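Visitor: Using the sequences and the accompanying hints, generate a full structural model.
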Amino acid sequence: MIVNRRIGLWILMRESLLSLVLLCAWDVVVVVMFQIYHQDWMEQPTLPISLIGSALVLFMSFRNNTAYNRWWEARTLWGAVTNNSRSFGRQVGTILRGSPELARAMAAYPHALRGALGRIDTMEDVRRLLPEEMLRGIEGRANIPAAILFQLGLGVDARARALGIDGALQGQIDRILSDLSNAQGGLERIRNTPLAIQFSVLPKLVATVFCIILPLSMVQTLGWITPLGSSLVGLLFVALDKIGSDLQEPFASTPHGMPMRTIARTIEIDLLQSCGEAAPPALAAVRGVQN
Amino acid sequence: MIVNRRIGLWILMRESLLSLVLLCAWDVVVVVMFQIYHQDWMEQPTLPISLIGSALVLFMSFRNNTAYNRWWEARTLWGAVTNNSRSFGRQVGTILRGSPELARAMAAYPHALRGALGRIDTMEDVRRLLPEEMLRGIEGRANIPAAILFQLGLGVDARARALGIDGALQGQIDRILSDLSNAQGGLERIRNTPLAIQFSVLPKLVATVFCIILPLSMVQTLGWITPLGSSLVGLLFVALDKIGSDLQEPFASTPHGMPMRTIARTIEIDLLQSCGEAAPPALAAVRGVQN
Amino acid sequence: MIVNRRIGLWILMRESLLSLVLLCAWDVVVVVMFQIYHQDWMEQPTLPISLIGSALVLFMSFRNNTAYNRWWEARTLWGAVTNNSRSFGRQVGTILRGSPELARAMAAYPHALRGALGRIDTMEDVRRLLPEEMLRGIEGRANIPAAILFQLGLGVDARARALGIDGALQGQIDRILSDLSNAQGGLERIRNTPLAIQFSVLPKLVATVFCIILPLSMVQTLGWITPLGSSLVGLLFVALDKIGSDLQEPFASTPHGMPMRTIARTIEIDLLQSCGEAAPPALAAVRGVQN
Amino acid sequence: MIVNRRIGLWILMRESLLSLVLLCAWDVVVVVMFQIYHQDWMEQPTLPISLIGSALVLFMSFRNNTAYNRWWEARTLWGAVTNNSRSFGRQVGTILRGSPELARAMAAYPHALRGALGRIDTMEDVRRLLPEEMLRGIEGRANIPAAILFQLGLGVDARARALGIDGALQGQIDRILSDLSNAQGGLERIRNTPLAIQFSVLPKLVATVFCIILPLSMVQTLGWITPLGSSLVGLLFVALDKIGSDLQEPFASTPHGMPMRTIARTIEIDLLQSCGEAAPPALAAVRGVQN
Amino acid sequence: MIVNRRIGLWILMRESLLSLVLLCAWDVVVVVMFQIYHQDWMEQPTLPISLIGSALVLFMSFRNNTAYNRWWEARTLWGAVTNNSRSFGRQVGTILRGSPELARAMAAYPHALRGALGRIDTMEDVRRLLPEEMLRGIEGRANIPAAILFQLGLGVDARARALGIDGALQGQIDRILSDLSNAQGGLERIRNTPLAIQFSVLPKLVATVFCIILPLSMVQTLGWITPLGSSLVGLLFVALDKIGSDLQEPFASTPHGMPMRTIARTIEIDLLQSCGEAAPPALAAVRGVQN
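Protein chains in written order, with the numbering used here: chain L, 1 to 291; chain H, 292 to 582; chain Z, 583 to 873; chain V, 874 to 1164; chain R, 1165 to 1455.
What the hints contain is simulated information worked out from the structure, not anything from laboratory work. Wrong hints could be hidden among the right ones.
[To be verified] Result set (DSSO-like, lysine-lysine): computed pairs, CA atoms no more than 27 Å apart in a straight line:
hint, chain 1, residue 1, chain 2, residue 2
1, V, K1115, Z, K824
2, H, K495, Z, K824
3, H, K495, Z, K786
4, L, K204, R, K1368
5, V, K1115, R, K1406
6, R, K1406, V, K1077
7, L, K204, H, K533
[Stated by the list, open to error] Beyond 12 Å from chain R on every Cβ pair, some chain V residues (computed):
hint, residue
8, V876
9, W899
10, V902
11, D1052
12, L1075
13, L1078
14, I1142
15, L1145
16, G1149
Note that this is a predicted model, so its numbers are computed, not measured. Idealized CB from N, CA, C, for every residue including glycine.
Guide: Here's what the structure looks like:
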């Protein structure tokens, strides 16, 4: 996630450079063809640019809204992971009268989750935090984070029975584990359900066709300054398409993805501090990008 | 659900081919009539294309938004089924101290549910997983998945009493069953309430009329290249209509439907692994389509 | 609710016929006036059709979105009634160890609710299902469904005490009754709060004015084919207005209303079957319409 | 809240009359200036009406959506007050085995709330219903409704202890009080957070400028019938602005405000009837307006 | 937050003055260049203003919707903090039989939270309200508000055990603490996740380009009154951009930020009054702005 506005603008420009160059090149080709070689077939009346434009706007606005909502829902669900792991830490410290082992195990959970969502290996962090016994319990499970939640449930149950905790209070902890399970399921849903193919592919296609036609419909009236007008308009729609495709994969490890490592670290710090253990420092943004 | 972008594009093209051919054919007919036979009645001034276009955009954007929201709500509700069955598995393993029978019975539930929603026979999977006694209990019930939830409630109650589990903890399990009931009810609501007839029928109608009129209003100015412009614009609106109708039936067994089989299998794997039983492998996408 | 697409289209056409005839008649009058009597005052330049059109689009899109959201919220709340009554049935069968009387009383609830919402008399169904004692309890109450929930609460409390049920488990049943109360309150809110007068009246008015002006602004250029273009465009906006007004009263007993009878019957079947009693058959759609 | 369509239309017309007269007057002035004195400076080419129009549409659609959402959220929150006070009544009648005093105290709550939201004095109703002891408890508190909820909590706690009610059941009642607190907080949030100043002021300003420019850009082509076209279009945008400003203050005591008195009375009737006391009649709409 | 409409309008004007002056200056430069020096290259046909305009509208409407939703979500979450701290006060006063120390500690929480969100030092208020022991407990913690919630959990647990409170009732208090944790996490999410860089930077850029091109495309037809038309249109889009950027940082200490100080004070008053302590007066708006 880009957190520095200036650097972000720079990243955006770098990523859009190729499109811009291609756009301009095509615009110049059209103008030169028209002005110098004066191809007859180009003396056509205006193509139906505005109708294509309005269909394009419909496509774009729908796709970008959906992509943004996916991104924001994913962010909100990670927020729920943060909140509930924090509440779990509080409950362990109060209802279960403190259990550093359970707090550390919970700190391993977001690391396992970010590994599963981003399809990267985070077992190092998990092994660092998860107790030996739980590590054995999650071996061979297809869904590691869900297996950790299961182990946490076992740990809570064992400790609650040992201390003779009231069932209603244990039920409150179980509810937090269910809420974590819901948040995790929501994140998996977003990862496993790509944006409907119609929305991830067609807008780019339509925008490209639009950009190709655009100078052809302007060159008769704008003449030599066609590339200026055409590139400007084209760039806008290319930018709109780029916004959508940047947002539609929230778990990708691009500058536009969720800062899952930072979030997992924040949770870890909070949980370790809450049971009085030394916590690693927070992660800072690297060159304007948090990840 | 299409998960492979390239194959998805191919499927979309194949499905749209007929519309495209019809569009082009009509455009060519119009041009030929105009250019060769030069029908007088076609020398009409521009028809009110832009007004029809703006009404069409209103229809389309409303229908597609609604259809997408239905699809995504259905997906979210299936996610809730996944999450809650997972939480149930954890509770069975911790609060009820493990009961492979109940875990297997819960694994049968999503299979029964996808059968009821897709109107297909999934009793084979249900019989494979549901204990003999529960199978007798659901016989003759109109709503099989609801009957399974009822049997699960009976099983939980019996086991909780046998073990002398605290009522508050049993209440947490009951709450998960209620949440499953809510998710199931939501899915049934979406299946039983088709998109309002006005939105499933009129957009296609208006788009068709629009595509018929389109070349008539372009041929005077565009001449021989009319089919190019007209087909392009027409195709866009046909594509928009197709997106909506693809999404409006989330439980259909088309490439655009929910991947209910895959989801039910994922739940099954998770539940069986959580009580240490052998689980079948996950389902892979077949030719870019998950179902 | 229309469930058959073909019949639905037919119903829509029948309902729109009058508007269509009026539209065409007016268009023809305008053309004849212009072409034959050639009124001078009609040789006016284009009226501000596109500005009126864009305001109309704003009105329409807002109204229709709102009306649809009302309809869908009402449907979702009825879904909540279904889900929670089903959960109640499960709880009665498990936690309260079966009580056909309570299950039957719950089956009476949706009938009472649909009566109150649709302002129709459903006391026959209520009397058929509600135990004698509860019938006395709801006498003279202004809000019958709420009174039934109250009686259900009394029944649950009595049975829970008789069986010595844990308070936490009884609390879970009480929570389902509160959820039913919330759903009922939501439905009453929708019924008692008509769509803001500005949205239920103005769109029709503006659409009518628009349709009257439309041919006046087209006749100069389109001549004899004016009725074709004008009626087509007019019909679109009339259809948009009709969609909104069809949806804005979800509890009306028109083909566009909620299928409350069918839903209440579905709930009844589920509850009666769950306690092993004979259930009436499901209601089928009559001539493509479910009610 | 206007509940009678015919009277509502009449109210709307009365409220819009002044704007309409001003609009027409200005239009006539412009035409007369142009046609009779024929001011040269008016022979200008079309001003950028369509660009201003599209910005105006953006402003309006955003403002009206927001204002409507505020209104509807407020209505939904009042619905939550209704539902939860009804659930409280059921719990008092079942779990707490009937306590007319607590039911009456709850009936006082919505009256106190509507007083606080509408900044009107409703202490008469509160005193009529609230027991003497609680009245002393709320003296001098800044937030009267919150103080009543506090007193209700005390009352529930005292009675639960006296009867030896299970903690889990008392917890269910406490949860209803928290839900009431949430609904109240939501209503206070809406009242204390006026619609962002940009949206409550700018749309009217822009609409006014638009209406002033409008005839200037039409008079050259429309001539003497300018007032007709210009007033019609202007009236549409004035109406759109009026809709928004009517809805943005849901607690104002105008015909467009929430019917808080009626709702509070409905709650009172329900609670008094539920404990067998005589209830006042429901409030009827006065001249088509409910308040 | 601006609460006085007149002063608010004044603030808006002051903030927009610079943009307006720059806009006008550029418009005048363009007109003078065109009319006096009559640069040939300006006799160009209309630039693609309407296409740029429609892309700009898309950008703006998306950005402003998103920014407003962020703002309103933040406001709603602060509302949740208010509601839950009030419920906590009620529970302390009833279930825990009154504990001024816990109520005061809760009153410190919103002060700590507004400090963390606004990155300002509010430790003075926290120290004033938080008991000595808890102050020691939060020392050195990275997240002060979360640490206070942890201390509150400890305090509740200690008191509940001392009084022998039922676990289910203590669970209700724990749930309120979890809800506070959720609200806090949501607020942190909004602060830590700036609006996607594409939306915070591009709209301003596009609006600026649009305003530069605008007079160039009007001067040929509007002549000397170009600045009037061009500045008006330009100002509208500048205002739209300003609305969005005002709203996108809800925790900034500008006149457009959340009134966090006022909210924290309101919570403090309510909690102190509920346990019979003297409360400070409510904060009044200063020069039409609440903060």
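Visitor: Run every hint past the structure and note whether it holds.
Guide: Results for each hint:
1. With a CA separation close to 24 Å, the supplied pair K1115 of chain V and K824 of chain Z stays within the 27 Å bound.
2. Restraint check for K495 of chain H and K824 of chain Z: the C-alpha separation of about 17 Å stays at or below 27 Å, so the hint holds.
3. With a C-alpha separation of about 24 Å, the suggested pair K495 of chain H and K786 of chain Z falls inside the 27 Å cut-off, and the hint holds.
4. This hinted pair checks out: K204 of chain L and K1368 of chain R have alpha carbons roughly 24 Å apart, not beyond 27 Å.
5. The suggested pairing of K1115 of chain V with K1406 of chain R holds, with an alpha-carbon distance near 24 Å, which does not exceed 27 Å.
6. Annotation: proposed proximity of K1406 of chain R to K1077 of chain V holds, straight-line Cα distance about 17 Å (limit 27 Å).
7. With a C-alpha separation of about 17 Å, the suggested pair K204 of chain L and K533 of chain H falls inside the 27 Å cut-off, and the hint holds.
8. Under the 12 Å C-beta cut-off, the non-interface status given to V876 of chain V relative to chain R holds; the minimum distance is some 29 Å.
9. Annotated as non-interface, W899 of chain V keeps its C-beta farther than 12 Å from every C-beta of chain R; the closest such distance is 17 Å.
10. Listed as a non-interface residue, V902 of chain V keeps its Cβ farther than 12 Å from every Cβ of chain R; the least gap is roughly 19 Å.
11. The claim that D1052 of chain V is not at the interface with chain R is violated, since a C-beta of that chain comes within 12 Å of its own (minimum 9 Å).
12. The non-interface label for L1075 of chain V is inconsistent with chain R: the shortest C-beta to C-beta separation is roughly 6 Å, within 12 Å.
13. Interface exclusion of L1078 of chain V from chain R breaks down, the closest Cβ pair being 9 Å apart, not more than 12 Å.
14. The claim that I1142 of chain V lies off the interface holds: its Cβ sits roughly 26 Å from the closest Cβ of chain R, which is beyond the 12 Å cut-off.
15. A cut-off of 12 Å between C-beta atoms confirms that L1145 of chain V is not in contact with chain R; the least separation is 24 Å.
16. Every Cβ of chain R is farther than 12 Å from the Cβ of G1149 of chain V; the closest lies at roughly 27 Å, confirming the non-interface assignment.
Of the hints listed earlier, those the structure fails to meet are numbers 11, 12, 13, in rising order.
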